[in-house]
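Visitor: Following the hints, complete the assembly by docking chain B onto the known chain A.
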Amino acid sequence: MAKLKVAFYWAASCGGCEIAQLEIGEKILKVAEVADIVFWPVAIDAKYKDVEAMADGSIDVCLFNGAIRNSEQEHLAHMLRKKSKVMIAYGSCAYEGGVPGLANMFDRASIFERVYHETPSTNNKHKVFPEPSHKVHEGVLCIPEFNDTVKTLRQTVDVDYIIPGCPPEEKTTWLALTALIEGKLPPKGTVITDNVKAVCDDCPRKRDVKKVKKVYRTYEIITDPEICLLEQGLLCAGVATRGGCGAPCPQANMPCTGCYGPVEGAIDQGAHFISAMASVIDSKDPDEIQKIIDDIHDPVGTVYRYSLPDSLLRRARIQ
Amino acid sequence: MKKITIDPITRLEGHGKIEIFLNEAGEVSKTYFQVPELRGFERFAEGRLAEDMPQITQRICGVCPEAHHLASTKTLDAVFHVDPPSAAKKLRELLYSSFYVTDHTTHFYILGGPDFVMGPDAPVAERNILGVIAKVGLELAGAVIKTRKRNHHVIQMLGGRAVHPVFGMPGGVSKGLNAEQIKEVQEIAEEAVGFAQLSLKVFDDIVLKNKDYVAMITSDAYTHRTYYMGLVDAKNRVNFYDGMVRVVDPDGQEFAKFAPKDYLDYIAEHVEPWTYIKFPYLKQIGWHGFKDGKDSGVYRVAPLARLNVADGMATPLAQEEYQRMYATLGGKPVHHTLANHWARLVELLYAAERMRELSRDPEIASPKIRTIPTATPDEGVGIVEAPRGTLIHHYATDERGVIKKANLIVATVGNAAAFNMSVGKAAEALIKPGKPITEGLLNRIEMAWRPYDPCFGCATHSLPGRSPIPVYVYDSKGNLVHKP
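Chains as they are written, first to last, in my numbering: chain A, 1 to 319; chain B, 320 to 803.
Treat the hints with care, since some could be wrong.
Unchecked claim - Computed beta-carbon distance windows for the label pairs:
1) A:Gly189 x B:Glu343: 52 to 62 Å
2) A:Val196 x B:Glu639: 53 to 63 Å
3) B:Thr695 x A:Val128: 32 to 42 Å
4) A:His126 x B:Thr695: 36 to 46 Å
5) A:Gly189 x B:Pro752: 55 to 65 Å
6) B:Lys465 x A:Val128: 41 to 51 Å
7) A:His126 x B:Ala344: 29 to 39 Å
8) A:Gln319 x B:Lys465: 50 to 60 Å
9) A:Val128 x B:Lys610: 11 to 21 Å
10) B:Asp680 x A:Gly57: 54 to 64 Å
11) A:Gly189 x B:Ala684: 42 to 52 Å
Stated by the list, open to error - A few chain A positions that, by computed beta-carbon distances, are all more than 10 Å from chain B:
12) Ala35
13) Lys214
14) Asp285
To be clear, the hints were calculated from the coordinates, so they are not data collected in a lab.
The C-beta atom is built at its ideal place from N, Cα and C for all residues, glycine as well.
In isolation and in its complexed conformation, chain B is listed as follows:
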């Protein structure tokens, strides 16, 4: 058996490698995506003070600490049976919207975007942010840097620190904003809306007006018919911070809709001996291996999944873009993995609009940002949509509020099975007997996972044009025929 390894994969957060085995004919026999790391937060959370969990669990991921911080803080609201003042909820969501603006911007321009903007076959040296800057112009590049910087500043003002914020507590937040800061946030939000609109135009000009790219997005190699999962508000619109979890089947029909506390009735996780990551699936359907379709419990999360499970967006400009996307791609649900890049930009616009709405809400100036819990703590579940998908925290405490058990289903993990399938399918479609394994070919395989914006380990965002997940290819006799 011939084996190809891609090690380490670049332009993703964290570590990982891909192993591709070829059969005697030189066709792909099987592909494995491996995560080489574990830290064991579920175990060492035991014995910690519940209220320390927002700061402890965000050390799972320094790229999306805000997601863990808020999922954990919401879990504490449930554990302590406390309802935070409305202003506190709005301040949390304001920080979260600003965070989404920075994170989606990073992914589109630095991680995922270069494939499209530069083209998958562009030389490695150009397939990165610097290449993107050269192509889209310095003005836009400046706007990218400014958007990230100014929104990090918002996170710092609200959360206390730009990386690993500290403001989340059961029953509210530790600090609010003064009048001057609110004015600044309003300006930054206004700019973010314009920036998001501009980004959608860039996508339109560079990707949608290029027939080859559209053909690639909709090609079978990058398509999987799966279930989808995401949070929705009371009107079934996309929400990042709060709501019910909705699941749709591959035909787009609602399969389930449940409150966070009931997640164990719907989600289970499968373990494989060759990787440290677990594979979540829909419990009622069961684990039937790395397969798509209605009979497989594999589901997907992240931007495209969120749009697929929702009936629309909660803000007007994003709603228009949402309708345009589905009209262009032939209705709901969209199964083309690469459409995640487009969905991410629709969400960028929603995040910016939501940030603008919240920044103008007079209630955020309220000094009432804490409710002091009085009930005995016991158990709770908190769910947010991290940029990379549905993120679940679940803690049980003793009567002192000391953690007895913690369970975490991290966003990227939600796509772990699909990720394996996507890489395998692209490899099968692209690697052919006798065809040389070129840089561009391997990049097209990587393009199968990059739309998920994976955050394995949940570690670091990487700069573009590189492959952080190494690919190794082995022939049918076990000889290494390609290595990074």
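In isolation and in its complexed conformation, chain A is listed as follows:
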């Protein structure tokens, strides 16, 4: 059997997905037996022009991580889609926009203003900002255009499968790679995890009756190590987040922040999380309810930590 031709690419991301891919450790040898890596900027020497020269559909699988933040990433997403039979969104940023997607609360102008002018260490009286094409004495220097809005991979090209997580845990990556190697691919559109229910199903903490009179910040209380964090008043996103990670964060006494994305069937992770919160608030008195929810100071960062571009809201409207 011919070896699978595999490509990897990173867009707006942190590199954690590459580290996660390397974390499969010795199993990488098994991958090498059945697959040839034809493009992986982090690791091998093939350049953009080599990919351009490939025939359409000649790459079997492309694992694409990172959000679409600039013109170059958008271009590469389209090119790799054309060249690849199967396109996989790997990790939260490609899947839902990820943490860089929180930039959709702002726009290019306000981001540039902050980064290149307003930050207290920056000395830039004349407001010099990076330009896509800039003429210097010796010639012209080009950099990609920074877009106003962060997009997910699915908002840019057709995507076949998703591997969630920030980054995906080793076992999730391996589950997907095994399916690829064995040619047992699930139906198109599948989010590949070994638990389609919530993180709560992975979590060893005891759940009783979720009733909360006060919402706490993580630093305000020392939690009971045995009991569900949501029941103790922490905004744990596990209830609205797809399982399969093994719930490492709640086991380290920290709430789930939602990196595996929505549970199967939920369209909007944040809306699902908000409705779950509403059901645990232990009051029927509107004033008391208002008082409880007044303690939620950053709803967007709490319920859409990784998924603002993929949410029904997509971005903030800039006045």
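Guide: The following block gives chain B in isolation, referenced to the frame of chain A:
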């Protein structure tokens, strides 16, 4: 004007490209290093809960998330005016030491080391980790893999996750270690010390015993007389986790020593329109362009800088190696960029020894790992030494602890100006009229930036033998005469 582009540079974290312009005579006229990416964390931090920042900012870099996680956590201690219990500080530093062991190992064996171990002119196909394995033997290669794996396990035990840990909070850490785990960490630390010593021996055998390599390390093409910056402890010894920031001038004299909260009195950043990265410089000297010397505000960070600003190392075995390095290279400060590889190994040994000390400290078993903050949050600065240099986080919050403003000076950025200068100087020394631009020549140019272990975007470590930063060369008429 002729122009050479190296695009993308390999064996670094993230994206970047180098553009080299030649004049009519075919000599290098000017070199530009460009970073093509921005994500804008300083803006979208606004409105976030302060305590979420350790987990948000570590998404700047998945290679060194521990550095951002801890710089951010220390910033929160300052913002909330809370002093964590001693055990919590030790657990943070223990995780950080273990992280340094993995990160410096990765750089030496996978990213930077292949140039030396295999030689700069070795065929591309061999100038990588696989070539290194063939040369140093499977046993050592196995030790490299094992060291990385076992230390990632330590990070997971302490931090909750191997990539993007979650344990940092204002006033402490969210979890400690049980007796069984402590025993395991002690064993891993002991192994790490032996591994670091072995790595220094490998460097000795392969690099220092080769006269050509030593001549290359000390050659002018790879030398810049600059200021240096790094954290030091109360005795002016290297510290990764905490202390004062010390700056020395190109003669090695102390130029400044300041507490993290005062960084704005000492550091400013310059903006150029042709790149997304900013260029920090010493505020009192000012920005005078991409120049070295005492009159230029350009400073350098990362392993060699840290050793240059310190009076020594805080652990005995690393101290011996520190003295040996300076004795061999002719005293302090050392300005040879390539000596970063050696300094990194001295730091690897220090990290392993420090990890061993902390793992044996009975206090780390203490259940007292949190102080609950009670003061009203306002503003704070936190600084750690990331493997790639001094890393600064600065947040201002409202009285609810919601971020109003954030400023970040990321480690790699500290070397951004020097990086441009180093690449330019190496290009000028190596590209000559009529001389063909060979793979080996371009690799020698890359060797000018690889010692900084750059982490642009702060993205991914790449495997070796490749050039992730593309180099483009243009002639004086603007024709592309070399492309990757």
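Visitor: Would you mind marking each hint as holding or not holding in the structure?
Guide: Outcome of the hint check:
1. Here the CB-CB span from A:Gly189 to B:Glu343 is close to 58 Å, well matched to the stated 52 to 62 Å.
2. Between A:Val196 and B:Glu639 the CB atoms are about 56 Å apart, so this pair conforms to the stated range of 53 to 63 Å.
3. The given range of 32 to 42 Å is respected by B:Thr695 and A:Val128, whose C-beta atoms sit roughly 38 Å from each other.
4. Between A:His126 and B:Thr695 the Cβ separation comes to about 38 Å, which falls inside the hinted range of 36 to 46 Å.
5. A hinted range of 55 to 65 Å holds for the C-beta pair A:Gly189 and B:Pro752, which are about 58 Å apart.
6. Distance hint check for B:Lys465 and A:Val128: the Cβ-Cβ separation is about 49 Å, which falls inside the suggested range of 41 to 51 Å.
7. In this structure, A:His126 and B:Ala344 meet the distance hint of 29 to 39 Å, their C-beta atoms being roughly 34 Å apart.
8. Between A:Gln319 and B:Lys465, the C-beta spacing of about 56 Å keeps the proposed range 50 to 60 Å intact.
9. For A:Val128 and B:Lys610, the Cβ-Cβ distance of about 19 Å falls inside the hinted range of 11 to 21 Å, so the restraint holds.
10. For the hinted restraint 54 to 64 Å between B:Asp680 and A:Gly57, the CB-CB distance of approximately 59 Å keeps it satisfied.
11. Remark: the range hint 42 to 52 Å for A:Gly189 to B:Ala684 is upheld by a beta-carbon distance near 49 Å.
12. For A:Ala35, the requirement that its beta carbon stay farther than 10 Å from each beta carbon of chain B is met, with the minimum near 16 Å.
13. For A:Lys214, the condition that its CB be more than 10 Å from all CB atoms of chain B holds, with the nearest at approximately 15 Å.
14. Listed as a non-interface residue, A:Asp285 keeps its Cβ farther than 10 Å from every Cβ of chain B; the least gap is roughly 23 Å.
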